[in-house]
Amino acid sequence: MTTLKINDQSRTTTSPGETPLLWVLRDELGMCGTKFGCGMALCGACTVHVDGQPTRSCVTTCASVAGRSVHTIEHMQNDRVGRVVQQAWIELNVAQCGYCQGGQILAAAALLKATPRPSERQIDEAMSGNICRCGTYPRIRSAIQLASRRLSGAAAGAKA
Amino acid sequence: MSAVTATGVQRRQMLQASAGALTLFVGTNAGAQPEPPQKFGAASMSGGTVDNPLVFVSIAADGTVTIVAHRAEMGTGVRTSLPMVVADEMEARWDRVRVVQAPADEARYGNQNVDGSRSVRHFFEPMRRVGAAARQMLETAAAARWGVPLAEVQAVQHEVLHRPTGRRLGYGQLAADAAKLPVPGNSELRLKTPAQWAYIGKGRVGGVDMAAIARGQATYGIDAQVPRMVFAVVARPPVVGGRLRRLDSAEALKVAGVLRIVEIPAFQGPAAFQPLGGVAVVARNTWAAMQGRAALKIEWDDGPNGSYDSAAFRQRQAAAVKQPGTVARNEGDAPKLIAQAPAAQQHSAEYFVPHLAHATMEPPVATALVTAQGCEVWTSTQNPPAAQGGVAAALGLKPEQVKVNVLLLGGGFGRKSKPDYVTEAALVAKAMPGTPVKLVWTRDDDIHHGYYHAVSLDRLEAAVGADGLPLAWLHRTAAPTITSIFAAGAKAAAPFETGMSALNMPFAIPNVRVERAEVEAHARIGWFRSVANIPHVFATQCFVDELAHKAKKDPLQYALALIGPARKVSPAALGDVFNYSESPVEYPIDTGRMRAVVEAASRGARWGRRLPKGHGLGLAFSYSFVSYAATVVEVAVDAKGELRVVAVDMALDCGPQVNPERIRAQMEGAAIMGLSLALSSEITFENGRVKQSNFHDYTVLRHGQAPRVIRTHLVGGDPSLLPGGVGEPPLPPVAPALLNAVFAATGKRIRNLPLGDQLASA
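The listed protein sequences correspond, in order, to chains D and H. Using our numbering, the final residue of the first sequence is 160, and nothing's skipped along the way. Using our numbering, the final residue of the second sequence is 762, and nothing's skipped along the way.
Because the hints were derived from the structure by calculation, they are not lab data. Some hints could be false.
[As the list claims (entries may be wrong)] Label pairs and their calculated CB-CB ranges:
#1 S64/D <-> S348/H: 56 to 62 Å
#2 K640/H <-> R121/D: 14 to 20 Å
#3 R606/H <-> R121/D: 45 to 51 Å
#4 G489/H <-> A66/D: 55 to 61 Å
#5 K322/H <-> Q122/D: 47 to 53 Å
[Stated by the list, open to error] Which residues of chain H face chain D? A few of them, derived with a C-beta cut under 7 Å, are:
#6 M210
#7 M361
#8 E518
#9 A665
#10 F743
[Unchecked claim] With a straight-line cut-off of 25 Å between C-alpha atoms, the simulated DMTMM-like cross-links for lysine to aspartate or glutamate are:
#11 K5/D <-> E91/D
#12 K254/H <-> E120/D
#13 K552/H <-> D467/H
#14 K640/H <-> E28/D
#15 K113/D <-> D8/D
#16 K297/H <-> E18/D
#17 K192/H <-> D51/H
#18 K336/H <-> E350/H
#19 K192/H <-> E586/H
#20 K39/H <-> E586/H
#21 K254/H <-> E299/H
#22 K398/H <-> E263/H
#23 K640/H <-> D124/D
#24 K113/D <-> D124/D
#25 K640/H <-> E120/D
#26 K113/D <-> E91/D
#27 K113/D <-> E74/D
#28 K336/H <-> D467/H
#29 K613/H <-> E120/D
#30 K322/H <-> D309/H
#31 K640/H <-> E661/H
#32 K748/H <-> E350/H
#33 K640/H <-> E686/H
#34 K254/H <-> E18/D
#35 K202/H <-> E91/D
#36 K568/H <-> E599/H
#37 K430/H <-> E28/D
Because the structure is a prediction, the values reported are computed rather than measured. All C-beta atoms, glycine included, are put in the ideal place defined by N, C-alpha and C.
Isolated chain D (complex conformation) (with noise of 0.2 Å):
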């Protein structure tokens, strides 16, 4: 038995502790915001925060984040800026088919709580690690660059 904390929500998984995070939140607690694209932490698809980072759930065990903070795409609405990003996203359309963008937001809402106003360099550092067959990098970059101007129009105001 290990006890979780999903979502701010204490969740308990009876599974092997080896068992990785991804599974437990799709097959067990039927969360199924979090995909799984490769199980080798090559696509992105199943990126959450824990403790505010993103991490790949399909190699991350559930016992390595017992009593950590792990956040899903279901959370990123109770997110100040997990918000902006999901609006920026839904505004420009930036979506195909869909499957790999829960994690893209996840990686892209990460990078602007570390680099509120990134580069293009360091989006694609932080971003490269996600995967989207359908071809959205371009519009990826351009809601990533909207997010970042609201939130730094959001900070500049709260400042003055």
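Please arrange chain H on chain D, whose structure you already have, making use of the hints.
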């Protein structure tokens, strides 16, 4: 039966085939019976079209308009675009529209096979009629309620207005009455004029699933939730046609969470859409099933494809294209002219495209529940009726006993129109009646057991005149045929394969020969977004660029000269009986439209400007899926041979532009996918086994490699034209444009895809 219809298996007929219920169209004896008129377009597809508003539209008392999306969403936006057409014609407010997905039922909804870039092409007009009929029924109901002449009422944005008095009735208030009225016949319909469209062609409507996707709430096939569901993965024969020789499942059954082992029989006859066979491990969750599978001890009998080797096969293709093949098109005497041409006026080259895997981000997956009544399936499929037919055949059920629930697809690209994975899930579920089984393919499974794009070698030869333009053109193709999955041992390319940018080469060249060289298939060959256009456009468009350079002409000016003056060329006159199922009369090849996309892409890239050192521009263009596309790529190559794609200009003329915003999205995506296959993607076989396994060795473009600039240019858009395809047409010109740009930048001619490290090692 004329040559036109009897030439063989056409793609659409293959797509109707399903495991165990395969019917191949081979034509009847000439002259034996009066020949029925050939059907084209939607009328030639299974299920045809349906335009009954009572099938597609329902209106609740609160005014909510529910529109059925009968075609599956794989990322093209069809779940938005077609309901948007209905909403526009019926004057529904988009914020009051709800879209629901239809299950498999072609008799009710019309054709549901989302393949071949046909959704808007074939359903734009039927969906307009659905919407217009619904609008007129609402207007008639309102006029009757008020007791006023029909001519005095008008539907305006979810209400019917009585113009003389200003009275209004909402759609919800009229729904019950309207539903009782007869559906107006097509001749009574008053379609909107293009000037009256509120959504069509405007790009104002966001995707219906965008918010759910961004919030992690969209439900894909892999997300199906069925109570008491168990999970399975399958160990499949590593070689197509292989069989289980020995199985020891004792250790697998000891893995915590593993419930049982189910053997899946090897397929019989042609592979078609049948499962490959193997051993399923069923468990409490997917991870336990994967651990159980790893603990299986299996010996396989590889069967006849166990020696398939990509390097050796390449040699066979190279030998094949050096010999005369089966003549598919012949005008004049191209071989003679080429043989007699002086070396300076003769040119030849060979171009290679490897096997490719679709690698959809969501791997194949299906959930199935078998009961005494039948089978229910939840899956992501491009072709729900084929999934239904495949499951029915494998389980000995009638198709109507199989319900296929269609969820979102996490990518399709042609892979998910082959529902082998759905039948596989149903066979495992059959062993556990009453228990729903979700069967997931891992990425390794997906890369190892795909339906691969055909490994292709194309040889081009030409003799040119004093102006550098070709007087003779010879194109010989050698690629395993897709028809081999339906007819074991098939070696001859089908008309629909050579009909994709080989046979239907439209340039006015006096001597033309197109030949098919026969090579065997040792893997499951399948259609991949834009299909045989990928190798044929790569080969012919690089070859045209080579001829331009040989003639010391600017490639753009050379291309425009080759395209020539605007004229309409019948595909039938070129020997092409395929033409993407469309009538050669209604859909001729229009060289004026071809020229316009070339001009738009090159204008967008500011062709002819001075470029920085190490930069180059490359052009390519194509006619596919009855649309016209052109691409200009700008590359920068440094001294070490490191390549950067600076910008891509994509131009497309698809006729009417129903949802321009999604058309641009498809063009952007095609640029990225085209660059992926041009730069790095390659599937190779050794000992019958695919050598690659995941995204580390089957590489696709990532953010950092993607061009920061992709400009999309929509050309034409005349709403009076017949619609063309959108999903596939932008893809074929991307790879040749890239490699032509590489030549412009470096002087190095790359004829083998993918580019890989060829610049560094050259």
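Status of each hint after checking the structure:
1. One distance hint, 56 to 62 Å for the beta-carbon pair S64/D and S348/H, holds here, with the actual separation near 60 Å.
2. Checked against the given bound of 14 to 20 Å, the beta carbons of K640/H and R121/D, roughly 19 Å apart, stay inside it.
3. Taking the beta carbon of each, R606/H and R121/D are about 26 Å apart, not inside 45 to 51 Å as hinted.
4. A hinted range of 55 to 61 Å for the beta carbons of G489/H and A66/D is consistent with their spacing of about 57 Å.
5. For the pair K322/H and Q122/D, the supplied restraint of 47 to 53 Å holds, since their beta-carbon distance comes to about 52 Å.
6. With 7 Å as the threshold, the beta carbon of M210/H comes within range of chain D, its nearest partner Cβ sitting at about 5 Å, so the hint holds.
7. Hint on M361/H holds. Least Cβ distance to chain D is approximately 4 Å, under the 7 Å limit.
8. The closest approach between the C-beta of E518/H and any C-beta of chain D is roughly 33 Å, which is over the 7 Å cut-off, so the hint fails.
9. Nearest Cβ of chain D to the Cβ of A665/H: about 6 Å, under the 7 Å cut. The hint holds.
10. For F743/H, the suggested interface contact is broken, since its CB lies about 24 Å from the closest CB of chain D, more than 7 Å.
11. Annotation: proposed proximity of K5/D to E91/D is violated, straight-line Cα distance about 31 Å (limit 25 Å).
12. Under the criterion of a C-alpha separation no larger than 25 Å, the hint pairing K254/H with E120/D is inconsistent with the structure, at around 51 Å.
13. A threshold of 25 Å between alpha carbons decides the hint, and for K552/H with D467/H the separation of about 10 Å falls inside it, so the pair holds.
14. This hinted pair does not check out: K640/H and E28/D have alpha carbons roughly 50 Å apart, beyond 25 Å.
15. Of the pairs offered as hints, the one joining K113/D and D8/D holds, with about 19 Å between alpha carbons and a cut-off of 25 Å not exceeded.
16. Our distance criterion of 25 Å between C-alpha atoms is met by K297/H and E18/D, whose separation comes to about 23 Å.
17. Among the hinted pairs, K192/H with D51/H is consistent with the structure: their alpha-carbon atoms are about 16 Å apart, no more than 25 Å.
18. For the hint linking K336/H to E350/H, the alpha-carbon distance of about 19 Å falls within 25 Å, and the restraint holds.
19. Between the alpha carbons of K192/H and E586/H the distance comes to roughly 23 Å, so the proposed pair stays at or under 25 Å and holds.
20. A threshold of 25 Å between alpha carbons decides the hint, and for K39/H with E586/H the separation of about 12 Å falls inside it, so the pair holds.
21. At roughly 20 Å between alpha-carbon atoms, K254/H and E299/H fall within 25 Å of each other, so this suggested pair holds.
22. Between K398/H and E263/H the CA atoms are separated by roughly 24 Å; this keeps the pair inside 25 Å, and the hint holds.
23. A threshold of 25 Å between alpha carbons decides the hint, and for K640/H with D124/D the separation of about 22 Å falls inside it, so the pair holds.
24. The hinted pair formed by K113/D and D124/D meets the criterion: a straight-line CA distance of about 16 Å does not exceed 25 Å.
25. The straight-line distance between the Cα atoms of K640/H and E120/D is roughly 23 Å, inside the 25 Å bound, and the hint therefore holds.
26. With a CA separation close to 21 Å, the supplied pair K113/D and E91/D stays within the 25 Å bound.
27. Note on K113/D and E74/D: the hinted pairing holds, with a Cα-Cα distance of about 18 Å set against a maximum of 25 Å.
28. The straight-line distance between the Cα atoms of K336/H and D467/H is roughly 20 Å, inside the 25 Å bound, and the hint therefore holds.
29. The hinted pair formed by K613/H and E120/D meets the criterion: a straight-line CA distance of about 23 Å does not exceed 25 Å.
30. Of the supplied pair hints, the one linking K322/H and D309/H holds, its CA atoms being roughly 21 Å apart against a limit of 25 Å.
31. Distance hint between K640/H and E661/H is unfulfilled; the C-alpha atoms sit about 39 Å from each other, more than 25 Å.
32. A hinted pair counts as satisfied when its Cα atoms are at most 25 Å apart, and K748/H with E350/H qualifies at roughly 15 Å.
33. Proximity of K640/H to E686/H is assessed by CA-CA distance (about 32 Å); at most 25 Å being required, the pair is judged violated.
34. Restraint check for K254/H and E18/D: the C-alpha separation of about 16 Å stays at or below 25 Å, so the hint holds.
35. The straight-line distance between the Cα atoms of K202/H and E91/D is roughly 16 Å, inside the 25 Å bound, and the hint therefore holds.
36. Proposed proximity of K568/H and E599/H is supported: the alpha carbons are some 18 Å apart, at most 25 Å.
37. Distance restraint check for K430/H and E28/D: the Cα-Cα separation of roughly 24 Å lies within the 25 Å cut-off, and the hinted pair is therefore satisfied.
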